[in-house]
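**Q** One-letter residues, chain by chain:
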Amino acid sequence: MRFMMLIYPGLESEGDWTPDVEAVAAMGRYNEELTKAGVLLALDGLHPSSEGARISFADGKRVVTDGPFAETKELVGGYWIIQTKSKEEALEWAKRVPIGGDVVIELRRIFEMSDFPAELQEAAQLSEPPPAQALEH
Amino acid sequence: MSDAATHSAIEAVWRIESARLIGGLVRIVGDLGLAEDLAQDALVDALRRWPESGVPEKPGAWLMAAAKFRAIDLLRRGRRLEQRQEELARAIGAELALAGAEFDAVISESIEDDVLRLMFACCHPMLATEARVALTLRLLGGLTTSEIARGFLVGEPTIAQRIVRAKRTLTQARAEFAIPDRNELGPRLGSVLEVIYLVFNEGYSASAGEDWIRPTLAEEALRLGRILVELVPGEQEVHGLVALMELQASRFGARTDAAGDPVLLAAQDRGRWDRLLIARGLAALGRAERLAAPAGQYMLQAQIAACHARAASAEQTDWQEITERYEALTRITGSPVVALNRAVAAAMAFGPEVGLALVEPLRGEPSLSGYYLLASVRGDLLARLGRTDEARSEFERAARLTENSRERELLTARATACA
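Going line by line, the protein sequences match chains A and B.
The opening residue of the first sequence carries number 1 in my numbering; numbering runs sequentially from there.
The opening residue of the second sequence carries number 1 in my numbering; numbering runs sequentially from there.
Mixed in with the good hints, there may be bad ones.
To be verified - Here are some, though not all, of the chain A residues that point toward chain B, as calculated from beta-carbon distances under 7 angstroms:
1) Lys36
2) Gly38
3) Glu89
4) Met113
Stated by the list, open to error - Simulated crosslink set (DSS-like; lysine-lysine; CA at most 27 angstroms straight-line):
5) A:Lys95 / B:Lys58
6) B:Lys58 / A:Lys36
7) A:Lys85 / A:Lys95
8) A:Lys85 / A:Lys36
9) B:Lys58 / A:Lys87
10) A:Lys95 / A:Lys36
11) A:Lys87 / A:Lys36
12) A:Lys73 / A:Lys95
13) B:Lys58 / A:Lys61
These aren't lab readings, by the way, just hints derived from the structure by calculation.
Where a beta carbon is used, it is the ideal one built from N, C-alpha and C, also for glycine.
Use the sequences and the hints to build the structure in full.
**A** So, in structure tokens, the structure goes:
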């Protein structure tokens, strides 16, 4: 099963964040651990919300609001995607993220197609199946 | 934390730490069976203590220390390893005497070698393939005997026996657990790759095993491949195998229809292919291709899988490149089934006539004489060339040969259509 680990840096203001060499090195070591354990599928860090935007769809209207967003402490700062055998194993990895202070890691399981009922899988079908030919599956 | 929660937490720690733990203990005690026993004892210690004390900050180091104390205890009492026991006890004692940080350093310094050593030990050439598979899944994958048994549709006692015998074989032969040197590395690595790909295929193919365990086996094989590639980053075939598994796994969700029946590659909904795994597979293939070496079988198969992954549709597939890769693969493996695949690819690239010319010499191949796909492929090519009478008899033959009832219906329908 796959999980997304979301990191909430919990900053007072997004301008506060300056990369600390030691913290970056520790995070690098952690990411290397994930890689060496064969569980890491992807990871990315996100720019401050001042470079982002939100789009709302209320009343059938698309309204774009440019960042920065007000509730700084609740903003996502990045994510990992990991593949583990159980939720407990994912939790164990999440507990090992080398951070402190107000940082929060949120663990969420990623949907697989097989988690959906058949009719939803059908609805997600994208293309018309072409005629069968090749040998491989 | 409740007892149940602590137990699941311990199980998770075990999955993360057990390979390093057993690998480290093998280095010290030189016996795979004893190393596993010591690691298990440490786990039992953890199960007894952690529910009260909580899971320690560094659970891996805790387990290693516990196992080493057991090792000293056991060796002092002279239960096993007649001659070297005192010497060993002293060596372990010296390691334990190191203070906190230094102790961690000693452990972590050799962790990577320890895991690699364990991989080579589990896939030792003196063991039969099925024994290697069972031992690898047990000691490196941390799978239970029952999980392995269900994955391979054999009884639990059979798997347990295989594991016990494999460990005994290695002990009796006084197998060296050193990491093979340059000269030996190729074949020893080949044995590890073979085991990993076999586990992957057992999980990937819909032929055997209970449904729920199959993805576990495939994911476990992928995990072992991803670990191995970090341990020996200079080996083309390791990158090639990882690329192949990532690319094949990307199609997992599209391989069966709502009823659970297999869907052929050309008919798969490409929207269901996993883009993340495709990206990972193509990146791994790029790393394999940048390493100078004659193209090996895993890299060639990965290159074929990559042609499919890159194509927006079956029609837009680069069949010419696939044909070339199958040619190279046929030369390496000498496999008639691979040669048949090459003929199919050539027919896609250059037309049915070229494909048929490549199929004809395979008809005398004894290993393909009862193979329904040879008849089915030949029937398809003949039909496309307008030779309907011959096509019909090939489809009828294929229908008689297949063991799959749905396949038989399909082939019978095609035979009828050749009127």
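**Q** Against each hint, give a clear statement of whether it holds in the structure.
**A** Hint check results:
no.	hint	verdict
1	Lys36	holds (5 angstroms)
2	Gly38	holds (4 angstroms)
3	Glu89	holds (4 angstroms)
4	Met113	holds (4 angstroms)
5	A:Lys95 / B:Lys58	holds (11 angstroms)
6	B:Lys58 / A:Lys36	holds (17 angstroms)
7	A:Lys85 / A:Lys95	holds (16 angstroms)
8	A:Lys85 / A:Lys36	holds (16 angstroms)
9	B:Lys58 / A:Lys87	holds (19 angstroms)
10	A:Lys95 / A:Lys36	holds (17 angstroms)
11	A:Lys87 / A:Lys36	holds (19 angstroms)
12	A:Lys73 / A:Lys95	holds (20 angstroms)
13	B:Lys58 / A:Lys61	violated (52 angstroms)
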